[in-house]
Amino acid sequence: MKGIVFTEFLEMVEKEFGYEMVDKIIEESKLPSNGIYTSVGTYHHSEIVQLLGNLSTNSKTDAQVLLKAFGEYLFDTFLKAYPQFFDAVDNPFDFLISIDNHIHVEVLKLYPDATLPKFDTQRLEDGSLEMIYQSERKMASLAEGLIEKSIAYYKTSHVIEKEMINEDGSVVKFTIKQS
Amino acid sequence: MDEISILKRKLERENLARKQAESILETKALELYKANELLRELNQNLENEIAIRTKSLVDSEEKYRTVIEQAKDIIYRIDDEGYFLFINKIGIEKFGYTEEEIIGKRYIEFIPEDDLETEFAYYTEVRDSEVATDYHEFRIASKNGQVFWVGQNVNRIINQDGTVYFTAVARDITRRKATENALAKAKIELQKSEIKYKGILENMELGLIEVDTKGNILRVYDIFNKMLGYEGNELVGKNANKTLLVETFEEKLIEEDIKRIQGQTGVYEVKLKKKDGSEIWVIISGAPFYDEKGNVIGSIGVHYDITDRKELENQLEISRRKAVKAQQAEKAFLANMSHEIRTPLNAIIGMSHLLMDTQLDEEQADFIDTLNNSASILKTLISDILDISKIDAGSLVMQYRSFNIKSLGEKLFNTFKKQDQDGKVEFIYTCDPNIHSSLISDPQLINQVLINLLGNAQKFTNSGSIELIINVISENNDSAKIGFQVKDTGIGISKIEANQIFQEFKQANNEIRTKFGGSGLGLSISYQLVKLLGGKLSVSSVQGEGSNFSFELEMKISEDLPRVENKISLLNKLDTDKNTILVVEDNAMNIKYITSLLNKWKIKHHVALNGKEAYDLFLENEYDLIFMDLQMPIMGGFEATQLIRESKSTNAQVPIVALTASTFLSKKRLALKAGMTDFLSKPFTPDQLHEMIDKYLNSSEIEIVQEEHFTFSNELDSEYLKQAYGNDSEYALDMFETYLEIIDDDLLLIQDSIRTNDLPALKKQLHRIKPTFTMVGISEITKIIETVEPTLNSMTKTELDQWFNEFDKLTRSKTPLITEEIKRIGLWQKN
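Just so you know, the sequences run in chain order A and B. The numbering of the first sequence is the working numbering, which starts it at 365 and goes up by one. The numbering of the second sequence is the working numbering, which starts it at 598 and goes up by one.
In isolation and in its complexed conformation, chain A is listed as follows (with noise of 0.2 Å):
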């Protein structure tokens, strides 16, 4: 997992739950890289997902929840960082569309080695637009969590309804509607 994910996920801690907390997941879980993180860099995704048990734990809030506050501070970051993603369309669906077909292309040009979640999508005769998750990190709710900011970027009034097809949530349906 790209060190962007870490640094951006303790920079969210420090600020919610301040340092102390993120000292404290880090000293609490086993990490062969100690904790240290650069955003250049490349870790083993097991690592988040200690260092989110910990933190669950710790601030007694649900992993999910805090998951998806982490994909809604991850797109700002986002945002700052790659403007010219957000600035091509006009609309949340060509947007999400875009995620698959064109910014995951140009992430697997700079880093060959990521390893990036499939989103598949199609727009439905109702109007609206089918997205299915697929990843063996089962992060769905960071998912959740940007696609919700996108829309709220885009200042459009749609509503997410989120369908698990596999239990485990390696694999979610998302379809996104006009309210």
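Certain hints may be false.
BS3-like cross-link-like pairs, simulated, lysine-lysine; straight-line CA separation at most 27 Å [said to hold, decoys possible]:
| no. | chain 1 | residue 1 | chain 2 | residue 2 |
| --- | --- | --- | --- | --- |
| 1 | B | 835 | A | 379 |
| 2 | B | 976 | B | 835 |
| 3 | A | 473 | B | 631 |
| 4 | B | 1008 | B | 1078 |
| 5 | B | 835 | B | 872 |
| 6 | A | 379 | B | 605 |
| 7 | B | 607 | A | 394 |
| 8 | B | 868 | B | 907 |
| 9 | A | 473 | B | 625 |
| 10 | B | 856 | B | 907 |
| 11 | B | 868 | A | 444 |
| 12 | B | 607 | A | 424 |
| 13 | B | 839 | B | 849 |
| 14 | B | 1361 | B | 1270 |
| 15 | A | 473 | B | 616 |
| 16 | A | 444 | B | 625 |
| 17 | A | 379 | B | 616 |
Don't read these hints as lab results, they were simulated from the structure.
Once you have looked at the hints, place chain B on chain A.
Leaving out everything else, chain B in the frame of chain A:
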């Protein structure tokens, strides 16, 4: 938790994270550097590659440019509007313009004005149809006005930017075109001449067809179609012989076809079937024709319709047959007339001779003399006419023998001298003293010619002389050339007349006819006879002074002495009591003439009025000699003779002498064939009759007188032959030769009768031929015929065939004997 220790850890983490990041960046930078290095290297390589490629491109361009420049063909490039972009050196040379004058100009400017329209159309079509390549031949006008032909291969090329241009390679084909044009011209000429000749042929009404070697029709010309009622190509592919030929001519055509294959031409006439089934006659001229290798591949037949001509020919043939028949009728008439005239004439001459022997006063004697002279003239006239018909018919046979020419002339001359009683004309006979005493020719004919010439001279000479000159012109060991001249001092003839007098019925002029009379045949006959003897009778004459008729004859010199003509009358020696003669004659006057003579000579005789009576008398009496007329009522002389010869009588071989008015050799031959012994031609003088009697009634006497007579071979029936011919070897020779002449034909006739199963004809033939064998001494064959004759009716065809085969073989096996005998007789005669 200790805040300071947390911060410491935070700081430491951030330091470590920075170092980690720096290290990563260092690595990435290094990677980047290496990647850059690689790129630079790559770039360098690419540049080198480009340089190399560029150079090779330049090289190859140079190469192509050289090729293009040095090419013998014109190479140029034009854009799709037809403007010149490039042209090579040879192109510039050919066009005759400078490069600058060509580049940028449109192709149209180099096309001759006459071709502009065609070439513009061609160019437009090629451009619009977007064909990739095309070949085209057209003309180009060079700057100096010369026009030349090029054959152009053009390629359509599309640039990367989509623009189109054409590259073309063109070759000067002016020479080839010239050849082509010449060929085309020649072809047109050929066609013209073909049309011309076709036209001629059409006008000539000649039907042409061409057939292959199997006779199948390849081509038919209009006239041929018209000739046979066909149209168009109806006949093509059909077999000419099967379709067109009238069957009876197939064999002829096969013969011709073989000739054609052998490369021979031929002209022949056949009948062809028309489409409607009718037939026409055509004359075909066929000639083979050949392929390039000289093999016969068929023949061409030129047909000309000769149906009309054939029709005419048929009519002509019918007319010719009619004419021949008429001619035959004329001959028969002539022959008959000779018989009819000669018979009473014979009586007149005979009677006048008898009258001479009676007591006459002077006046009566004079009358008789005149009567006799007139009859003689009439006889000569008839003889002349008969001579001419004999000569015309070619039936006059030369009888060569040795004779004394000097005495012949002498005798003749004396006769004429005697006749001249006035004494006004002097007769002179001159004979070369050196002349050979024995020469070979036909003395009788020479005699006749000289009689004619002397008679002629006498007729036209009133005073002066008539001269007969016989001299030797040249002589060698074997032969002599003898010249004869009859000169007179008579009226003579003009030169123009001289040219005509040898023609039949032509006398010098009409005046002669009225003044001198005569048939006008004498000189013509003489001329013809001299010709037959191998000479040429000619005349030189001066009118009013006389004529000189002359001819020369080449004669063989004979080694033996001429036969002395035995004129000594043996009458005194006749045993008149012992001998009896039978005279068979239907003409009362002739009977009277002959019997009067016989009475005068005191010879016992009987008379029969026809063959039947003669035979009856023959059976009752033993005759020593029979005189037999040929044409008689009830039964003719031939049949009577046959009956006598076939009779069982011991006297069956009695000599029978034919009496006939006919002087034709054929009659004589017939008589001999019929078994008659000799021949006496009417009218005959008492002397001739007497001679004949001497010949047959005194054989025993003569035998004694002439001991050295010819001895016949013992292989033949010598006893009989001796009896039959006595000392007359000439007669025997004649008979033997006659046998050889007739036997082949007779055998063929017999064979033919057996083949056609014509029994009556066979009987007649066997009957007739039977005595012939006896006459040449092979009487055993006569006996064979005698044996078979009674059984003929009961014989089968096979038996007849078998019999004939043996008979034929036996008869032919005797031929060498006869030939040998002829040789022997000849030798004997010489010695």
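Against the structure, the hints come out as follows:
| no. | hint | result |
| --- | --- | --- |
| 1 | B/835 <-> A/379 | violated, 120 Å |
| 2 | B/976 <-> B/835 | violated, 74 Å |
| 3 | A/473 <-> B/631 | holds, 19 Å |
| 4 | B/1008 <-> B/1078 | holds, 21 Å |
| 5 | B/835 <-> B/872 | holds, 13 Å |
| 6 | A/379 <-> B/605 | holds, 19 Å |
| 7 | B/607 <-> A/394 | holds, 17 Å |
| 8 | B/868 <-> B/907 | holds, 10 Å |
| 9 | A/473 <-> B/625 | holds, 15 Å |
| 10 | B/856 <-> B/907 | holds, 25 Å |
| 11 | B/868 <-> A/444 | violated, 123 Å |
| 12 | B/607 <-> A/424 | holds, 24 Å |
| 13 | B/839 <-> B/849 | holds, 13 Å |
| 14 | B/1361 <-> B/1270 | holds, 12 Å |
| 15 | A/473 <-> B/616 | holds, 25 Å |
| 16 | A/444 <-> B/625 | holds, 24 Å |
| 17 | A/379 <-> B/616 | holds, 24 Å |
Hints 1, 2, 11, counting from the list given before, are not met by this structure.
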